[in-house]
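These protein sequence lines map, in sequence, to chains A and B.
First residue of the first sequence: 1, per this note's numbering; consecutive thereafter.
First residue of the second sequence: 1, per this note's numbering; consecutive thereafter.
In case anyone wonders, no lab produced these hints; they're calculated from the structure.
The structure presented is a predicted model; accordingly, all values stated were derived computationally and were not measured.
Be a bit skeptical, because a hint or two may be false.
Here are some, though not all, of the chain A residues that point toward chain B, as calculated from beta-carbon distances under 7 angstroms [as the list claims (entries may be wrong)]:
{"no.": "1", "residue": "49"}
{"no.": "2", "residue": "286"}
{"no.": "3", "residue": "290"}
{"no.": "4", "residue": "350"}
{"no.": "5", "residue": "393"}
{"no.": "6", "residue": "406"}
{"no.": "7", "residue": "412"}
{"no.": "8", "residue": "415"}
Ideal Cβ placement from N, Cα and C applies to all residues, glycine included.
There are 2 protein chains.
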Amino acid sequence: MDFIQIAKNAKQVSLKIAELETSVKNKALNSIAEAFKTKKNEIFEANLQDLEFAKTLLNEGKLGKSTFNRLKLDENKMRDMIQGVLDIAQLDEPIGKVLLKRELDKNLILTKVSCPIGVLGIIFEARPDVISQISSLAIKSSNAVILKGGKESINTNKKIMEIINNALLTVDGFPQNVLQQVFTHDDISQMLKCDEYINLIIPRGGNKLVQYIKENTKIPVLGHASGICHIFIDESADINMASKIVVDAKTQYPSACNAVETLLIHKDFSKKDELLASLELNEIKLITSPECWDMEYGDKILSVKIVENLEEAICHINTYGSGHTDCIITSNSKNAEKFMNNVDSSGVYWNVSTRFADGFRYGFGAEVGISTNKTHARGPVGLEGLTIYKYKLAGSGQIVDDYVKGLKHFNHKDLV
Amino acid sequence: MDFIQIAKNAKQVSLKIAELETSVKNKALNSIAEAFKTKKNEIFEANLQDLEFAKTLLNEGKLGKSTFNRLKLDENKMRDMIQGVLDIAQLDEPIGKVLLKRELDKNLILTKVSCPIGVLGIIFEARPDVISQISSLAIKSSNAVILKGGKESINTNKKIMEIINNALLTVDGFPQNVLQQVFTHDDISQMLKCDEYINLIIPRGGNKLVQYIKENTKIPVLGHASGICHIFIDESADINMASKIVVDAKTQYPSACNAVETLLIHKDFSKKDELLASLELNEIKLITSPECWDMEYGDKILSVKIVENLEEAICHINTYGSGHTDCIITSNSKNAEKFMNNVDSSGVYWNVSTRFADGFRYGFGAEVGISTNKTHARGPVGLEGLTIYKYKLAGSGQIVDDYVKGLKHFNHKDLV
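Looking at chain A on its own, in the form it has when it is part of the complex:
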């Protein structure tokens, strides 16, 4: 099928599923989880095919070790994948929420109601478990989805999608084409041009992929290209807390987008040498060159800069940061407040590791990804980020002319 037809099908079904009942959506999710349990060996087999090919690339140096690891599905990941689907079924219904109910005048009632965005285009790399996560979130939020995964995981992706769509066929009232998959690079080009049918693009992958997508589409893009997170050690920081947090933020998962990349230290912090020594003890390589202020290492490497004061730290972060997550370590609450108000990032932290920037840790139950956008959704994005709203106005024959002429008047009385 050509891409435009796929996109049209998605658009068409997106209008149908806007109204799907919660029970049908949850039945769909439970049915997917059940199918994963029954057919997990088929998935492992497909995954083995991908892994074998990937191993060749790994040995030839054409694929990184971390990409290889992300590609691999084992029993643990499968269990998490299944639990993830079941968890999303448990979340509150995000569609049809009354966000505002207002009497504009007698028998003229305005209601602002949450509704799905429409059609999502998902472009992701390596991690095949993304399919299951995004598909579940799309079902729960009544959005149609077109997925394009990385070619490294093509067999796994195909198998997972086949199992999901077969499971959905057994659910009464659940229409076809809600979840569709495309495979070629040409499909990406077409997806990015398809603003007539696709309402939101969500890229999940490295800086290059996200940057490419942002450069090449008029469709809104939800995500982050880079995660250049900072920790600022204020004059009054506790040395033990500082060391513990920086080590966690840098080494707990160095390739995560919320890992710290730059350490800013107040010039009057007296335990500076002690702190740096403790980081080196934890196998963190320290770099102090100004060319590194915008580096995202994804490794146990950390840029370090001594700053004059809090203001310089804030200014540095707002200049070189990526608006992802930045932290101050201080025992001065005034400074903490100033830092959190003035640093223009999706997450502004005080005395806590940047690694907490995550939808699950925030208690959203699931996460589409992390956004550094300044519109729509910012920070870890849960189900709410896959919704928008419409205004319903129910009247009894009112016309604007009566209000313009002063024959009638609005009373604007909130009912909810």
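Fit chain B to the given chain A structure using the hints.
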């Protein structure tokens, strides 16, 4: 000053004003209103210059009558303009609202707080009163603004901005460069490329302008290109109500984006001929050609189509509409509900004129414009559409490693 410097100044000051106190912002607004009162004759004089030149264009047929009218500032418009500024001062503070407060674990508190978007680029045509409205909304929401008005109103625009910025100079603690103005077509090109410093573009003008902007920028655009609004007359519609509403929606202000453009009539509506006759009596020209299904007339012209049933009406609207505002006239509440759930528009109306789609009529106090976007803000956009949020996380030394290893557990307890 070159555009990039203007944009940098805007970005810089946007970080400062994120924290401005409500009292300072309201003082600024009151000071602007006061200055308008004192110096309105200067504005009228500048407006006269623009009007004289526009009259030449009008006589040469190079400018439409309605554009000419929008350009003209009289005592009434000036009073509305001043009242508009004062009204915005009265609105609730939109910044710093706590949208969520959650204990993730003991002494680990997540707060979701509303904050400004940053720098807005406003591109508008003809109506010079837009400057005052947008500037006031920007001040109240702590956003910096770069305004580019139409060349037809250049003298009025310059004068209004001069008065505003002089008024702001007298306000203690209000920084410079919050409101800046640019004038050339080249400035527009540069603004659209300036995604490094500008966070949101809001176009206020005709279809061509908005379309051009959407085609030529990666920056999110908030607005609507066209307003192809529909009214569907269901089988059970009341003829008097139908006639009254359609006449209002078409003639009360034909060039408004929320005016109706297409009338869909159920084939079994028995008073069809009577309805059409009453519309013609009200000087509405009726057109029934399929080439007109996507026409936005901006005049007393109406496309008319007979449809088989509700489903065809919904399908027609979702195919040819612009997602702006669409209405069903019916006494069947089931049909009304189906229409409002299935029509994918920012406003879905029942028995009420489409002309109600407006921020003031919805009780938002002020309006940035009307959005047909499916992300960020949809429908009439008030102050809330000029805000986003950040997550503040205050801890006491927590690290992620403890939670991953199961030494600590999240409790996710909502505090607000």
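Quick rundown of the hints versus the structure:
1. 49: Where the cut-off is 7 angstroms and the nearest Cβ of chain B is about 31 angstroms from residue 49 of chain A, the hint is violated.
2. 286: This hint is violated: residue 286 of chain A lies away from chain B, its Cβ roughly 20 angstroms from the closest one there, beyond 7 angstroms.
3. 290: With a closest approach of 19 angstroms, the residue 290 of chain A hint is violated.
4. 350: Cβ of residue 350 of chain A sits 5 angstroms from chain B, so the hint holds.
5. 393: 5 angstroms, holds
6. 406: 14 angstroms, violated
7. 412: 4 angstroms, holds
8. 415: 12 angstroms, violated
Checked against the numbered hints above, the structure violates hints 1, 2, 3, 6, 8; every other hint is satisfied.
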